[in-house]
Amino acid sequence: MTRYVVSRLITAFALVLFATLVVFLIANTVPGDPALAALGDEQASDPAAVAAFRAIYGLDLPLWEQYWRFLQRLLQGDLGVSIATRRPVLDDIVDYAPATLELATIAFFLSLAVGLPLGILAAVRRDSWVDHAARFVALVGVSAPTFWLAFVVLAIFYGHLDWAPGTGRLDPIAFPPDRITGLLLIDTALVGDWETFHDAAAHLVLPSIVLAASTLGLITRTTRAAMLEALSQDYVRVARAKGLLARVVVTGHALPNAMLPVVTLGGLAYANLLTGAVMTETVFAWPGLGRYTFRSAVAVDFPAIMAITAIVAAIFVLVNLLVDLSYALLDPRVVRK
Amino acid sequence: MSAAAEPLVAARPRPAALRWLRRYGLATLGGAIILAWIVMAVLAPWVMTYDPNFVDVANRLQPPSAAHWLGTDALGRDVMTRIVYGARISLSVGLVVVLVGGLFGTLLGAIAAYARGWAEEALMRVTDLVFCFPPIILAMAIAAALGIGTVNTVIAMLVVWWPKFARLARSLVITQRSLEYVEAAQSIGFGPVHILLRQIIPNAVGPLIVLVTLDLGQAILVFAGLSFLGLGVVPPTAEWGAMVAEGRELVQQWWVATFPGLAILTVVMGFNFVGDGIRDWLDPHARTR
Amino acid sequence: MVNGWIGRRELAKLIGVGGAAIAAGLPATVHAQGRRGTLVLGIDISDTISLDPARMAQYTPPMTLNAAYSSLVAFNAGNYVDLVPALAESWQRAPDDKALRFKLREAKFASGNPVTADDVKWTLDRVKNLKGQPALYILNIERIEVVDPRTVDLFLKEQREPVLGALASSTNGILERALVEKHGGTSAADANVADKATAWLDTNSAGAGAYRLVNWERNVQIQLVRNPHYWGGKPAYDRILIRHMSESATQLLAIQRGDIDAAFNLIPEQIATLKDNKDVRTEGLVSLDFVYMALTHSPELNKALAVQEARQAIGYAIDYDGIRDSLLGGVATRSASFFPIGMLGSTEKVTKEIGFREDLDRSRALLKKAGLPDGFEFEVSYGNAAVSGLSYGVLAQKLQADLARVGIRLKLNPMDQVNLRTQYTTGKSTSVLTFWNPAGVRQFSWATATVERVSKRLNWTPPADLVKLVRDATLEEDKAKQEALWIEYQKRMVDHANLIILFQPIYQTVVRNTVSNFPLTAAGYQVELENARP
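Protein chains in written order, with my numbering: chain A, 4 to 340; chain B, 194 to 482; chain C, 203 to 736.
Calculated from the structure, these hints are not laboratory results.
Computed from a predicted model, the values in this text were never measured in an experiment.
Ideal Cβ placement from N, Cα and C applies to all residues, glycine included.
Keep in mind that the hints are not guaranteed to be accurate.
[As the list claims (entries may be wrong)] To list a few chain A residues with every Cβ distance to chain C over 10 Å, as calculated: (1) T5; (2) A17; (3) F27; (4) D36; (5) D49; (6) T88; (7) A116; (8) F139; (9) D237; (10) L247; (11) A249; (12) T254.
[What the hints assert, rightly or not] Footprint (simulated), chain C over chain B, 3 or more residues, beta carbon under 8 Å: (13) 284–296; (14) 427–439.
Turn these sequences into a full structure, and let the hints steer you where they fit.
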């Protein structure tokens with residue numbers, strides 16, 4: 004077992020590094036020179052100034068040496084300095100990560116809270132109107148483009164009905180709390196600043212609904228399918244034949260077995276939320292990692308791009324590992340190689 | 194069924210037609226939607242009266258009216274015409290990405306799974322690598338390297354699209370290859386290629402078809418998303434995601450962004466309904482009811 | 203206060219609310235009624251990288267820098283030709299005619315210490331030696347000498363070349379030497395590696411401006427407080443908050459509710475909705491920025507564009523009025539050439555007389571003369587941005603439709619910022635649609651740019667007499683003669699037709715009527731915060 008885990012961890016690490024290498028190579032085929040975009044207009048036309056800038060960021064070194072430096076710094080926990088913001092990338096990421104974390108977590112729990120019961124109900128009452136309604140809702144959630152849903156939701160609930168606050172994490176003139184974790188709900192609660200807590204929570208409503216929509220669909224469908232699968236198993240028939248109450252059969256026998264695929268999907272979905280919030284964050288002006296990723300990609304900001312790739316790859320690979328481990332723990336046949 | 198136990202799942206007897214409708218009603222609806230879009234996309238030049246690229250700034254941002262059923266955009270172009278022409282792009286891109294990526298991925302996955310050994314391992318690792326990529330970064334990097342445009346975006350999408358087919362094909366082949374009919378065929382003396390093509394793939398094709406159908410919708414969504422971000426099509430080509438991007442700031446002139454998004458929604462829903470229906474049809478448990 | 207960041211309690215005290223209210227728990231959002239004394243601005247400040255004057259090269263930091271620092275000389279809002287005294291009371295040529303001698307007025311820094319000639323020398327030396335973009339604007343200063351604590355000499359390399367306009371820029375705001383040195387600043391020759399004061403200057407100021415910088419929270423807000431020692435009198439506000447709002451829709455709602463006093467980034471469609479709002483007014487300001495299309499001269503990139511008549515044909519085929527009226531809500535103007543209206547020699551009258559205008563017949567005739575009666579094809583590159591609410595994509599598509607009328611087929615090539623700048627700066631662009639905004643107000647900077655670095659980007663060798671014309675105009679001291687020379691220069695540029703001006707934005711800032719005086723300026727810092735008054 005430990006050998007399995009260790010070998011997987013090593014592969015995981017190699018994968019992350021390889022991902023950064025691929026991104027580095029692709030980014031270097033870009034004909035654009037980030038130095039020219041980062042400098043002011045007059046400096047950009049001054050070859051000496053451009054050369055000096057490139058030297059500072061090591062852009063004039065041969066490719067393999069640039070990558071080698073990146074690796075060395077990475078192992079020391081230094082993610083380099085962003086070309087666009089002139090700040091250490093780690094500072095940028097620490098700045099933006101909590102916003103995405105908060106949003107993704109709320110969205111995830113929202114989709115669980117709605118998706119699980121919906122899926123179970125749809126399976127138990129198969130082909131009834133409940134089933135159809137649940138499947139319809141799930142399908143709309145999965146089919147609606149996130150960027151469009153965000154716009155529609157904003158236009159209706161903010162633009163026309165004025166029920167929800169506008170974009171951003173807080174009201175423009177609210178004073179953000181002192182930063183402890185960066186998660187507004189926690190920071191405001193810790194100091195008892197309930198007015199700002201309320202404001203932050205209100206701002207979380209719309210974007211988390213939008214972000215949750217597609218995950219909701221996925222969770223509903225998977226839960227439904229898994230429950231259907233579990234309910235048709237022999238042990239369920241046996242339970243029924245024994246005369247157990249339906250509710251007991253469902254929750255006590257079918258549900259636990261149905262949860263495995265749901266848990267794995269949930270893990271992947273959470274990782275997806277963390278890394279795929281670009282659209283939602285863009286439309287809601289949410290200062291999170293998604294927007295930072297997009298901006299860095301647009302600016303061909305090598306250090307930032309590679310740092311983000313490393314982090315995203317690490318998240319995915321780790322989540323995959325955890326999921327596979329849970330399989331291995333529950334089903335010993337998997338470990339055999 | 195003893196009187197004491199309640200039915201776990203509603204299995205009340207119904208006329209066959211109604212039961213069929215309950216099971217495959219949504220799928221039929223989906224099929225109808227897709228068919229409607231395909232017809233509109235094909236017949237666009239003959240049916241639409243406006244030119245999708247006709248700029249008329251004096252008439253910009255007009256609300257839906259008799260002259261312009263869905264209003265005009267920021268350059269005075271007819272929104273409905275652009276939506277119908279946009280269907281041509283979206284549907285073709287979806288088809289190309291899924292079919293090419295799907296074919297490539299399926300073949301690769303099936304061959305690797307059948308060959309086993311290091312080929313299979315290598316496949317797993319390569320697909321892992323692609324999976325852990327932030328797709329946005331990949332798409333933007335390719336766009337920056339090759340330039341913005343439909344073809345380049347399709348290339349970027351293909352790179353990330355084939356692995357899931359490879360994975361699915363591999364797992365299907367694994368389950369199939371240990372089945373008896375394969376052993377029987379091998380003992381008779383059929384070669385691996387024959388077994389792969391004639392025995393394994395036809396039996397595995399069901400889930401693949403489901404994935405293809407569902408993925409057509411996904412590909413359209415992803416392409417629209419990339420166009421929204423500024424990649425994808427080159428202006429002035431009409432494309433749904435780019436149209437939503439142009440209307441993003443115009444909350445008062447909501448029609449510019451809302452209708453293209455609705456188009457995406459209906460098409461993707463259509464594919465999802467059909468895919469679900471096919472999956473239900475293939476599901477052995479469903480048949481027993 | 204912690205590091206200058208104001209807590210709600212301090213703010214409450216500042217705006218004069220009683221202790222009971224504090225005890226009752228003042229709400230975090232500050233409503234319009236309770237915040238007399240604080241000026242709140244809503245603007246997108248995401249481009250801010252640093253607030254160190256010597257490193258400034260972006261669009262929005264000058265607003266803050268101009269409020270926190272005073273320079274030797276200044277412009278009055280709206281007048282970009284005549285300089286007025288600021289920290290320098292008067293200036294003249296030194297007796298031996300080798301330097302400009304400035305006499306400083308009695309002024310104090312925000313810390314209470316007096317402004318001396320030594321601070322002036324130290325500041326300008328630091329700007330030069332830090333080798334940031336601002337250093338390029340004072341290259342002409344060879345050295346600075348302190349004559350006495352209130353007199354300083356600037357020795358120029360070229361005696362006649364104007365340097366005062368550059369000195370008025372907030373990048374040359376005078377810093378308090380002792381304070382900055384305490385935080386790692388240096389003006390020595392190796393300042394570009396040895397100076398460590400930038401981090402401190404990002405959240406504090408060491409200047410003599412009307413307000414003092416007390417905090418900058420990246421992408422959240424910039425806070426300034428009144429400088430009690432300001433030489434220009436008592437500033438009208440206790441505190442200025444510059445709040446980051448990236449979405450114009452947010453700014454619209456905030457100004458309607460009174461949460462902010464001024465909104466800078468509203469688009470024409472949104473401003474139209476405020477027409478009947480009694481609480482706000484729209485102040486328009488003719489900027490010194492413009493959006494233009496640059497055309498290459500290189501036949502390798504495009505054979506047709508290398509022909510002068512073909513380029514001129516483009517200039518006459520564009521529907522300028524349509525762009526202004528329909529796409530910009532009528533709120534824009536247009537200069538004749540690469541020289542904005544507001545500078546000496548560029549007015550709307552000049553544009554009417556010598557500039558391009560829509561004339562399809564003339565365009566077709568020019569195409570015939572160029573040997574291209576059926577038109578030609580060329581490609582234009584542009585980035586993903588918007589000016590005055592008009593995105594380049596929409597503008598490009600409009601141009602495409604316009605040019606198609608005479609048979610010119612425009613291919614659109616949207617690019618990301620990095621590729622665009624690289625392609626354009628290295629002279630590989632066939633044609634570019636982009637934006638020019640001056641770092642400071644220097645009469646000659648546009649013309650010099652067109653015959654120097656911009657010409658390289660267009661693969662164009664400007665004729666020697668044109669270069670001489672620019673030089674003569676730059677050095678000419680008689681205003682009337684200078685104006686004539688600049689008009690002549692513009693005529694020549696229109697003739698070359700390689701830089702076609704599409705529009706010069708009139709920036710619309712929406713201001714609440716609780717602010718009586720809000721002097722907008724195009725001189726880089728957008729508004730004279732020192733003169734804002736309730």
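Each hint tested on the structure:
For A:T5, the condition that its CB be more than 10 Å from all CB atoms of chain C holds, with the nearest at approximately 45 Å. Here A:A17 stays apart from chain C, with its beta-carbon at least about 30 Å from theirs, past the 10 Å limit. Remark: the non-interface label on A:F27 is consistent with the geometry, its nearest Cβ contact in chain C lying 16 Å away (cut-off 10 Å). The beta carbon of A:D36 sits about 5 Å from the closest Cβ of chain C, which is not more than 10 Å, so the claim that it is off the interface is violated.
Annotated as non-interface, A:D49 brings its C-beta within 10 Å of a C-beta of chain C; the closest such distance is 7 Å. For A:T88, the condition that its CB be more than 10 Å from all CB atoms of chain C is violated, with the nearest at approximately 7 Å. Distance to chain C confirms A:A116 as a non-interface residue, since its nearest Cβ pair spans about 29 Å, more than 10 Å. For A:F139, the condition that its CB be more than 10 Å from all CB atoms of chain C holds, with the nearest at approximately 32 Å.
Distance to chain C confirms A:D237 as a non-interface residue, since its nearest Cβ pair spans about 57 Å, more than 10 Å. A:L247, annotated as away from the interface, keeps every beta carbon of chain C farther than 10 Å; the closest lies near 55 Å. Against chain C, the non-interface label of A:A249 holds: every CB pair exceeds 10 Å, the least being about 51 Å. Remark: the non-interface label on A:T254 is consistent with the geometry, its nearest Cβ contact in chain C lying 45 Å away (cut-off 10 Å).
For the region 284–296 of chain B, the stated coverage by chain C is violated: 0 residues have a C-beta nearer than 8 Å to a C-beta of that chain, whereas at least 3 were required. Only when three residues or more bring their CB closer than 8 Å to a CB of chain C does the claim for the region 427–439 of chain B stand; here the count is 4, and the claim holds.
This entry does not satisfy hints 4, 5, 6 and 13, going by the numbered hints stated previously.
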